[in-house]
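Peer 1: We have chain R; now place chain Z onto it with these hints.
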Amino acid sequence: MFAKTMVFGGCVLAAAGMISPALAGEFYIGEPVMKEGMQLSPAYLTGIEMSGVAPGMSTAKDAIHVEIDVHAGDKEAHGFPPDAWIPYLSILTTVAKTDGSYSETKPLAPMTAGDGPHYANNFAMNGPGKYKATYVIEPPSVNGFLHHVDKATGVPDWWKPITVSWTFDYPAKHS
Amino acid sequence: MSPMFRPAVIAAFCAAALAYVPASAADVHTVELTLKDHKFSPATIEVPANQRFQIKLTNEDETADEFDSTDLRVEKVVGGGKTGIIRIQPLVPGRYQFMGEYHAATARGIVVAK
Numbered sequence: 001m002f003a004k005t006m007v008f009g010g011c012v013l014a015a016a017g018m019i020s021p022a023l024a025g026e027f028y029i030g031e032p033v034m035k036e037g038m039q040l041s042p043a044y045l046t047g048i049e050m051s052g053v054a055p056g057m058s059t060a061k062d063a064i065h066v067e068i069d070v071h072a073g074d075k076e077a078h079g080f081p082p083d084a085w086i087p088y089l090s091i092l093t094t095v096a097k098t099d100g101s102y103s104e105t106k107p108l109a110p111m112t113a114g115d116g117p118h119y120a121n122n123f124a125m126n127g128p129g130k131y132k133a134t135y136v137i138e139p140p141s142v143n144g145f146l147h148h149v150d151k152a153t154g155v156p157d158w159w160k161p162i163t164v165s166w167t168f169d170y171p172a173k174h175s
Numbered sequence: 176m177s178p179m180f181r182p183a184v185i186a187a188f189c190a191a192a193l194a195y196v197p198a199s200a201a202d203v204h205t206v207e208l209t210l211k212d213h214k215f216s217p218a219t220i221e222v223p224a225n226q227r228f229q230i231k232l233t234n235e236d237e238t239a240d241e242f243d244s245t246d247l248r249v250e251k252v253v254g255g256g257k258t259g260i261i262r263i264q265p266l267v268p269g270r271y272q273f274m275g276e277y278h279a280a281t282a283r284g285i286v287v288a289k
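Protein chains in written order, with the working numbering: chain R, 1 to 175; chain Z, 176 to 289.
Bound conformation, chain Z alone:
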């Protein structure tokens, strides 16, 4: 590749990258979820089926918990007083259980994909 040609390629790449990033990060359907007193609120989340989405989990408890779901094939630890993003792949319609594994007796919820 000639040195003259390179800046144009880089510019094109940067433009493509800039166009791509907002579409992949900011436009993903986001559901807000709170963990307090080791319980999820809301405990049932409805999401559109067949599209990626993310859960923004705010942990209002003092200690960490692990958002864990075999159904959703995801696991993510969110520290006490912290917020974490849990990214979920497209789901076929159905009900998917999740839990806060360090407090599994009380921290439980369901994702309903419609």
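Next comes chain R alone, as it looks inside the complex:
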């Protein structure tokens, strides 16, 4: 009985491993944009579970995990090397269905995963259709992140809050 259970469990795990790219896949929201020396790239994922409850997190079973990757470009001015994750941001995100039937606004939480640190939260959504994701990104200074201002090692003041948005199909048309 025990052996049978083990074999069954093993098969389930193996199957999950084989199909996990589809289950825990990452999907397209829009083209990356460069702002203030950073690449901003939105995406959503399905099948994501987190270690704790992010503020405002939807616990709906089919909620999707809406992310934004904020990484330094080649000429970021505040000392971050190319591709470095930008920490300490506040990112208020609105996901709304363009027919007006659904809208949720909540902060994204900082977190890390196998594919690196990012900002995200879970959104309930309201069925297939066209959606708009709007991100209002405030600089690290709003969370107490300082920067040097002396002549030898100083970096420029932080940028003003950035608003970016993308319109996307849910579910994504290609996978």
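Honestly, the hints are just simulated from the structure, not real lab data.
Fair warning: this is a prediction, and the values are worked out from it, not measured in the lab.
Take these hints with a grain of salt, some might be off.
In the DMTMM-like style, the derived pairs of lysine to aspartate or glutamate whose C-alpha atoms are separated by at most 25 angstroms in a straight line are [as the list claims (entries may be wrong)]: (1) R:Lys35 <-> Z:Glu221; (2) R:Lys173 <-> Z:Asp212; (3) R:Lys75 <-> Z:Asp202; (4) Z:Lys289 <-> Z:Glu207; (5) R:Lys35 <-> R:Asp169; (6) Z:Lys211 <-> R:Asp83; (7) R:Lys75 <-> R:Glu138; (8) Z:Lys211 <-> R:Asp169; (9) R:Lys75 <-> Z:Asp212; (10) R:Lys173 <-> R:Asp83; (11) R:Lys35 <-> Z:Glu235; (12) Z:Lys231 <-> Z:Glu221; (13) Z:Lys231 <-> R:Glu138; (14) Z:Lys257 <-> R:Asp74; (15) R:Lys35 <-> R:Asp99; (16) R:Lys160 <-> R:Glu49; (17) Z:Lys214 <-> R:Asp169; (18) Z:Lys211 <-> R:Asp115; (19) Z:Lys257 <-> R:Glu36; (20) R:Lys130 <-> Z:Asp202.
Derived CB-CB ranges, DEER-like [claimed, not checked]: (21) Z:Arg283 <-> R:Val149: 43 to 49 angstroms; (22) Z:Thr219 <-> R:His147: 40 to 46 angstroms; (23) Z:Arg262 <-> R:Phe145: 23 to 29 angstroms; (24) R:Ala84 <-> Z:Lys211: 28 to 34 angstroms; (25) Z:Glu207 <-> R:Ala60: 40 to 46 angstroms; (26) Z:Gln229 <-> R:Gly37: 16 to 22 angstroms; (27) R:Leu146 <-> Z:Gly269: 38 to 44 angstroms; (28) R:Ser101 <-> Z:Glu207: 43 to 49 angstroms; (29) Z:Ala218 <-> R:Asp150: 49 to 55 angstroms; (30) Z:Gly256 <-> R:Lys35: 14 to 20 angstroms; (31) R:Ala124 <-> Z:Thr209: 25 to 31 angstroms; (32) Z:Arg248 <-> R:Thr46: 18 to 24 angstroms.
Just so you know, even glycine gets a beta-carbon here, dropped at the ideal spot from N, CA and C.
Peer 2: Below, chain Z alone, put in the same frame as chain R:
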């Protein structure tokens, strides 16, 4: 530090910085990779083991894809019609899978470090 001494230090620092930058950026082994019709070409890349290298990915598709590899511990989104640099740390000899995560059914490849 005396004000007289400072320019010399700055000059020395600048010289060191100038000497350093080309060695770190331009001399890194670069592999060119193209994404078209959501497929990588070439789909297999051979690189020398135990040294840093970078992949210059030209995305010839209309929409972005995310170069993603758990094996290589790297993730980078390259927009449609854009080119991006993916920087990879030294690898021990072996095979490392990567994919374009938004089109994972077709966009797949392998880095072979020898």
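Peer 1: Is R:Lys35 close enough to Z:Glu221, meaning Cα to Cα at most 25 angstroms?
Peer 2: The hint is violated at about 34 angstroms.
Peer 1: Given the proposed pairing of Z:Lys289 with Z:Glu207, does the C-alpha separation stay at or below 25 angstroms?
Peer 2: Holds. Z:Lys289 to Z:Glu207 sits at ~18 angstroms (cutoff 25 angstroms).
Peer 1: Is it true that Z:Thr219 and R:His147 lie within 40 to 46 angstroms of each other by Cβ?
Peer 2: holds (44 angstroms)
Peer 1: When you check the alpha-carbon spacing of R:Lys130 and Z:Asp202, does it fall within 25 angstroms?
Peer 2: Violated - the C-alpha atoms of Z:Asp202 and R:Lys130 are around 46 angstroms apart, more than 25 angstroms.
Peer 1: Holds or violated: Z:Lys211 with R:Asp169, Cα cutoff 25 angstroms?
Peer 2: holds (22 angstroms)
Peer 1: If I claimed the Cβ atoms of Z:Glu207 and R:Ala60 lie 40 to 46 angstroms apart, would that claim hold in this structure?
Peer 2: holds (44 angstroms)
Peer 1: Does the Cβ-Cβ separation between Z:Arg262 and R:Phe145 fall within 23 to 29 angstroms?
Peer 2: holds (24 angstroms)
Peer 1: So does Z:Gln229 sit 16 to 22 angstroms from R:Gly37, Cβ to Cβ?
Peer 2: This hint holds: roughly 19 angstroms between Cβ atoms.
Peer 1: With respect to the beta-carbon atoms only, verify the hint that Z:Gly256 and R:Lys35 lie 14 to 20 angstroms apart.
Peer 2: For R:Lys35 against Z:Gly256, whose Cβ atoms are near 19 angstroms apart, the range 14 to 20 angstroms holds.
Peer 1: Honestly, do Z:Arg283 and R:Val149 meet the 43 to 49 angstroms range at C-beta?
Peer 2: Given about 47 angstroms between the Cβ atoms, the range holds.
Peer 1: So if I understand the rule, the pair passes when the alpha-carbon distance is 25 angstroms or less; does Z:Lys211 with R:Asp83 pass?
Peer 2: holds (24 angstroms)
Peer 1: Decide if the proposed pair is consistent with the structure: Z:Lys211 and R:Asp115, CA atoms, cutoff 25 angstroms inclusive.
Peer 2: Answer holds: Z:Lys211 to R:Asp115 is near 23 angstroms, not above 25 angstroms.
In this structure, the earlier hints numbered 1, 9, 10, 13, 15, 16, 20, 31 are contradicted, and the remaining ones agree with it.
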